[in-house]
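S.K.: Fit chains B, C and D to the given chain A structure using the hints.
Residue numbers (the working numbering), protein chains in the order written: chain A, 98 to 331; chain B, 98 to 331; chain C, 98 to 331; chain D, 98 to 331.
Simulated from the structure, these hints should not be mistaken for lab results. Since we're looking at a predicted model, the values are computed, not measured.
Because identical chains cannot be distinguished in the list, a pair is counted as satisfied if it fits within a single copy or across any two copies.
With a cut-off of at most 16 Å between alpha-carbon atoms, the simulated EDC-like pairs for lysine to aspartate or glutamate come out as follows:
1. 162 x 131
2. 312 x 233
3. 312 x 257
4. 317 x 239
Below are the chains, spelled out letter by letter.
Number of protein chains: 4
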Amino acid sequence: MLLESLRREVLEANLELVRRGLVLYTFGNASGVDRDKGLVVIKPSGVPYEKLKAEDLVVTDLSGKIVEGKFRPSSDLPTHVELYRNFSGIGGVTHTHSEFATAWAQAGRPIPCLGTTHADYFHGPVPVTSDLTSQEVAADYEKNTGVAICRTFEKLDPADIPGVLVRGHGPFCWGETATIAAHNSVILEALARMAYYTAGLVHELKPLSSSLHDKHYSRKHGSAAYYGQPPDKT
Amino acid sequence: MLLESLRREVLEANLELVRRGLVLYTFGNASGVDRDKGLVVIKPSGVPYEKLKAEDLVVTDLSGKIVEGKFRPSSDLPTHVELYRNFSGIGGVTHTHSEFATAWAQAGRPIPCLGTTHADYFHGPVPVTSDLTSQEVAADYEKNTGVAICRTFEKLDPADIPGVLVRGHGPFCWGETATIAAHNSVILEALARMAYYTAGLVHELKPLSSSLHDKHYSRKHGSAAYYGQPPDKT
Amino acid sequence: MLLESLRREVLEANLELVRRGLVLYTFGNASGVDRDKGLVVIKPSGVPYEKLKAEDLVVTDLSGKIVEGKFRPSSDLPTHVELYRNFSGIGGVTHTHSEFATAWAQAGRPIPCLGTTHADYFHGPVPVTSDLTSQEVAADYEKNTGVAICRTFEKLDPADIPGVLVRGHGPFCWGETATIAAHNSVILEALARMAYYTAGLVHELKPLSSSLHDKHYSRKHGSAAYYGQPPDKT
Amino acid sequence: MLLESLRREVLEANLELVRRGLVLYTFGNASGVDRDKGLVVIKPSGVPYEKLKAEDLVVTDLSGKIVEGKFRPSSDLPTHVELYRNFSGIGGVTHTHSEFATAWAQAGRPIPCLGTTHADYFHGPVPVTSDLTSQEVAADYEKNTGVAICRTFEKLDPADIPGVLVRGHGPFCWGETATIAAHNSVILEALARMAYYTAGLVHELKPLSSSLHDKHYSRKHGSAAYYGQPPDKT
Chain A
98 MLLESLRREV LEANLELVRR GLVLYTFGNA SGVDRDKGLV VIKPSGVPYE KLKAEDLVVT
158 DLSGKIVEGK FRPSSDLPTH VELYRNFSGI GGVTHTHSEF ATAWAQAGRP IPCLGTTHAD
218 YFHGPVPVTS DLTSQEVAAD YEKNTGVAIC RTFEKLDPAD IPGVLVRGHG PFCWGETATI
278 AAHNSVILEA LARMAYYTAG LVHELKPLSS SLHDKHYSRK HGSAAYYGQP PDKT
Chain B
98 MLLESLRREV LEANLELVRR GLVLYTFGNA SGVDRDKGLV VIKPSGVPYE KLKAEDLVVT
158 DLSGKIVEGK FRPSSDLPTH VELYRNFSGI GGVTHTHSEF ATAWAQAGRP IPCLGTTHAD
218 YFHGPVPVTS DLTSQEVAAD YEKNTGVAIC RTFEKLDPAD IPGVLVRGHG PFCWGETATI
278 AAHNSVILEA LARMAYYTAG LVHELKPLSS SLHDKHYSRK HGSAAYYGQP PDKT
Chain C
98 MLLESLRREV LEANLELVRR GLVLYTFGNA SGVDRDKGLV VIKPSGVPYE KLKAEDLVVT
158 DLSGKIVEGK FRPSSDLPTH VELYRNFSGI GGVTHTHSEF ATAWAQAGRP IPCLGTTHAD
218 YFHGPVPVTS DLTSQEVAAD YEKNTGVAIC RTFEKLDPAD IPGVLVRGHG PFCWGETATI
278 AAHNSVILEA LARMAYYTAG LVHELKPLSS SLHDKHYSRK HGSAAYYGQP PDKT
Chain D
98 MLLESLRREV LEANLELVRR GLVLYTFGNA SGVDRDKGLV VIKPSGVPYE KLKAEDLVVT
158 DLSGKIVEGK FRPSSDLPTH VELYRNFSGI GGVTHTHSEF ATAWAQAGRP IPCLGTTHAD
218 YFHGPVPVTS DLTSQEVAAD YEKNTGVAIC RTFEKLDPAD IPGVLVRGHG PFCWGETATI
278 AAHNSVILEA LARMAYYTAG LVHELKPLSS SLHDKHYSRK HGSAAYYGQP PDKT
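Bound-form chain A, shown alone (with noise of 0.2 Å):
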């Protein structure tokens, strides 16, 4: 079997969405990409949770044709295929319905960065897509949702900004790997959390000031880094 590894990792990231509340029945997704070998590891589409085992996965090639598996692949492959080829730096894709995030994918607002838990790991806005057209949405409707987000970050860097809300549908979150894009996912529906009910408090929502928000996020990412244990120690 191909990709043994990736695919337990994949099998671990799917299964977190579950654990951490962010899916429903067969709802949602994870993936990792072995870039080497240009081959994508998905979730099957419709598979219970419950019974998913490292073999269930399917591995296909980065133009979405199956190279192994016994299963249809997610049916929202296309859209990380998408994302796997115009995003060169990033190993795993996330997809979920979560509820706070959805919430704010149905009203078309970006979550603005409202305190320094968003700061630790988005630097900047979680931006949302524009609508898709009706053409888009006819055909290759899948893949035109990865058109739609990379559009959005024609001007962003997705190694800063580690997730998007599809306008109408939904967030999706990608990493370094298939793990650290299933944290992103639970991190951005905590924030859409508190964003939600931060709004609630206030009549216009003020986002954090730019030196907070750039000194946490410099806190956890990059060459100054402090948050956390060396990495030999971790």
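M.R.: The following block gives chains B, C and D in isolation, referenced to the frame of chain A:
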């Protein structure tokens, strides 16, 4: 004992409502119908779920007359049989007071389709019944609840919209089987919750475009569906 | 040891408040009364629920004097005995700071009957007490809390409305037994939560029609009740 | 190993934050101080709670210098020691991003005392710090967070108000011990949640009367306290 397999399925559908947090104490009820025999299996009234066994369920005919069972049927039985008599394609009915769907029902507002989660399951807004008249409340109240639901569906197809909000009361859902009806109750609560949060983030709720609504519904329903696994794989 | 059976029931009623998420740490208290003996069994003050045993409960008379018990009774005891002295039909009292009922109490708003869940249990809005005067707070505060509740029920029947919101404090519930009082606390919190969400969806809250309110209440209470099983079946 | 007993208490305080749902992943931290030895025990930075052992905690002096420990201390250590140096009566500090307290912090609003639950623990509103200046963010940020908290308490007594909202960040709590500090974090989140829901039910928040506020606070604190059991019973 009659209908052992249907009894087991209806028991499981009732327990699914409990597991998913849709019911409190003895609230809620699920039923299933055997169309060939013209018999309905339904939860008994006021029996704790923890003690509920398949043999405790009550079998009635389609007029609501008890055929087998040592307990009284759910007091909502007349609503269930009214739905079975009028919606010929359905095989199961569920009723809960799940909190967000009930809030929309209490507000007397249909739930607009605000996102693809909704579009995956309901091909249009979740409608609200009109108020019953005092006469309809005074006599045959539970049957008249079913009549009010059917009135709401005069121009709607219950196969496309597998649930309704009874004004000032709560949701009823249905499906080809009791299992699917229970599934639809869970989905409806999730939709209702996300729609509630969306309503907190915008001044005016804007429904999803019809092209995207149709796309998502048809990905999962009908001959061109491509979500999940082909029938022989599940 | 006095009243072993009542002690066990009151212990269970206290634990039900914990199981249903209505209390935090040592918050909350349930009591029961033996009308023949004129004795009350109540939770001790500030003892962790995990360690609570039937023998730790405190027995007092209806003036609040301790008759048996190694611990101090709940500091809310004077409120409980005031209710027992004035509401002759009740056999149990529960008090929590459950979050949504407390929010309505803090807002100083009665909970209108917005749906049939409410109508099933409360034959009218859940009332709010008026503020205590500074004098009532300064001396015999806990007794005066009971006095304020009784004042609120001068024109209401505690058998029809089994609970109240103490303004700026939280809910007290009661019932024929401690078990029923605890049940009513759980229901009140659910009602309060659904009413809160309903209030977020409409500009003005419109109560349920009185015919539907009466119908639901009488389905479950009084001689014509037909919900649940007949007494010999339960 | 230094301070074994304090290490165990601080470990438990950290785990209490997890059990009560106040922290996500490695967020949050609790510490305790030994005033005689002038030593602080604090959670290490970024170590998963599931693996955390008493021996993993870090011991520092009151300037924040590491005295014993194989891991880096929490990055918030300088805030903790700033509090220990300025609030001489406290023995423990906790910090979380618990969701409702953080929402108030992100909104920049103090939490008014709206009910007796609040009055039982905080003798006044829960205050919010002012924004740090860009200079305070740029250098010694975590220490300056502590400085901002102390500034907020220039005219407040930390024994009466055992917590604060750091603007745009989240809550810090404290108490005579790490156990009490963790308890106060749990209470603060409950207060914040109930205050949020109360704010959704009224146009203008009206604080509890000062007589009732004082009464509840003094029932539980000071020489005339009568809540709970006398010291020799607990």
